Amino acid sequence: MITLPPDYRPSDDEEFMNSLQTEYFRQKLLKWRAELLKEAGDTLASLSEGGIHEADITDRASVETDRALELRTRDRARKLIGKINLALQRIENGSYGYCEETGEPIALRRLEARPIATLSIEAQEQHERMEKTHRDD
Numbered sequence: 001m002i003t004l005p006p007d008y009r010p011s012d013d014e015e016f017m018n019s020l021q022t023e024y025f026r027q028k029l030l031k032w033r034a035e036l037l038k039e040a041g042d043t044l045a046s047l048s049e050g051g052i053h054e055a056d057i058t059d060r061a062s063v064e065t066d067r068a069l070e071l072r073t074r075d076r077a078r079k080l081i082g083k084i085n086l087a088l089q090r091i092e093n094g095s096y097g098y099c100e101e102t103g104e105p106i107a108l109r110r111l112e113a114r115p116i117a118t119l120s121i122e123a124q125e126q127h128e129r130m131e132k133t134h135r136d137d
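Under the UniProt record's numbering, residue 137 is the last one in the sequence shown; the count climbs by one each step, no gaps.
Simulated from the structure, these hints should not be mistaken for lab results. Keep in mind it's a predicted model, so treat the numbers as computed, not measured. Warning: the hint list may mix true and false statements.
Subject to a maximum C-alpha distance of 30 Å in a straight line, what follows is the list of computed DSSO-like cross-link-like pairs (lysine-lysine) [said to hold, decoys possible]:
{"no.": "1", "residue 1": "Lys-28", "residue 2": "Lys-83"}
{"no.": "2", "residue 1": "Lys-28", "residue 2": "Lys-38"}
{"no.": "3", "residue 1": "Lys-31", "residue 2": "Lys-83"}
{"no.": "4", "residue 1": "Lys-83", "residue 2": "Lys-38"}
{"no.": "5", "residue 1": "Lys-28", "residue 2": "Lys-79"}
{"no.": "6", "residue 1": "Lys-132", "residue 2": "Lys-79"}
{"no.": "7", "residue 1": "Lys-79", "residue 2": "Lys-38"}
{"no.": "8", "residue 1": "Lys-83", "residue 2": "Lys-132"}
{"no.": "9", "residue 1": "Lys-79", "residue 2": "Lys-31"}
Have a look at the derived ranges for each label pair, beta carbon to beta carbon [as the list claims (entries may be wrong)]:
{"no.": "10", "residue 1": "Asn-18", "residue 2": "Lys-79", "range": "27 to 37 Å"}
{"no.": "11", "residue 1": "Phe-16", "residue 2": "Asp-56", "range": "57 to 67 Å"}
{"no.": "12", "residue 1": "Glu-35", "residue 2": "Gln-126", "range": "25 to 35 Å"}
{"no.": "13", "residue 1": "Leu-71", "residue 2": "Asn-18", "range": "38 to 48 Å"}
{"no.": "14", "residue 1": "Ala-113", "residue 2": "Thr-43", "range": "21 to 31 Å"}
Glycine is no exception: its CB is placed at the ideal position from the N, C-alpha and C atoms.
Input sequences plus hints: build the corresponding full structure.
Rendered as structure tokens:
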């Protein structure tokens with residue numbers, strides 16, 4: 001187990017995906033997953049508090065809309081947790097931080113912004129261009 005200095009931030013000056021960087025991103029992903037799971041638990045608790053007891057039809061519709069939005073948000077979070085778990089697996093097998101298409105390192109700034117990234121910016125842009133081309137057909 002590696003202990004990170006409290007103010008540690010990955011730097012381009014160090015070896016890519018060294019043990020400190022790997023541990024930094026592992027902790028970042030674990031914290032993110034824990035936050036999402038806590039939010040999901042809070043949502044489940046609020047949804048299980050009972051049915052809709054609003055007498056006014058407008059109030060009832062508003063509550064139902066809020067619940068539907070919350071459920072969609074939780075579904076997105078569920079999918080995100082799956083991607084976080086895959087990123088944690090990539091950390092374990094040593095492939096984290098490397099583009100799945102090119103094998104090149106993914107920029108640290110990109111990983112900071114999106115720690116579940118699997119493609120470099122260049123590969124992602126190419127993927128999006130291909131997607132747009134096929135969508136326009």
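Hint by hint, here is what the structure shows:
1. Restraint check for Lys-28 and Lys-83: satisfied, since their Cα atoms lie roughly 13 Å apart, inside the 30 Å limit.
2. A threshold of 30 Å between alpha carbons decides the hint, and for Lys-28 with Lys-38 the separation of about 16 Å falls inside it, so the pair holds.
3. For a cut-off of 30 Å, the pair hint linking Lys-31 to Lys-83 stands: about 14 Å separates their Cα positions.
4. The suggested pairing of Lys-83 with Lys-38 holds, with an alpha-carbon distance near 17 Å, which does not exceed 30 Å.
5. A threshold of 30 Å between alpha carbons decides the hint, and for Lys-28 with Lys-79 the separation of about 17 Å falls inside it, so the pair holds.
6. Distance restraint check for Lys-132 and Lys-79: the Cα-Cα separation of roughly 23 Å lies within the 30 Å cut-off, and the hinted pair is therefore satisfied.
7. With a C-alpha separation of about 15 Å, the suggested pairing of Lys-79 with Lys-38 holds against the 30 Å cut-off.
8. Distance restraint check for Lys-83 and Lys-132: the Cα-Cα separation of roughly 23 Å lies within the 30 Å cut-off, and the hinted pair is therefore satisfied.
9. Of the pairs offered as hints, the one joining Lys-79 and Lys-31 holds, with about 16 Å between alpha carbons and a cut-off of 30 Å not exceeded.
10. At roughly 30 Å, the beta-carbon separation of Asn-18 and Lys-79 lies within the given 27 to 37 Å, and the hint holds.
11. Range check, Phe-16 to Asp-56: about 59 Å between beta-carbon atoms, so the 57 to 67 Å window is met.
12. Checked against the given bound of 25 to 35 Å, the beta carbons of Glu-35 and Gln-126, roughly 32 Å apart, stay inside it.
13. For the pair Leu-71 and Asn-18, the supplied restraint of 38 to 48 Å holds, since their beta-carbon distance comes to about 41 Å.
14. The hinted range of 21 to 31 Å is satisfied by Ala-113 and Thr-43, whose Cβ atoms lie roughly 26 Å apart.
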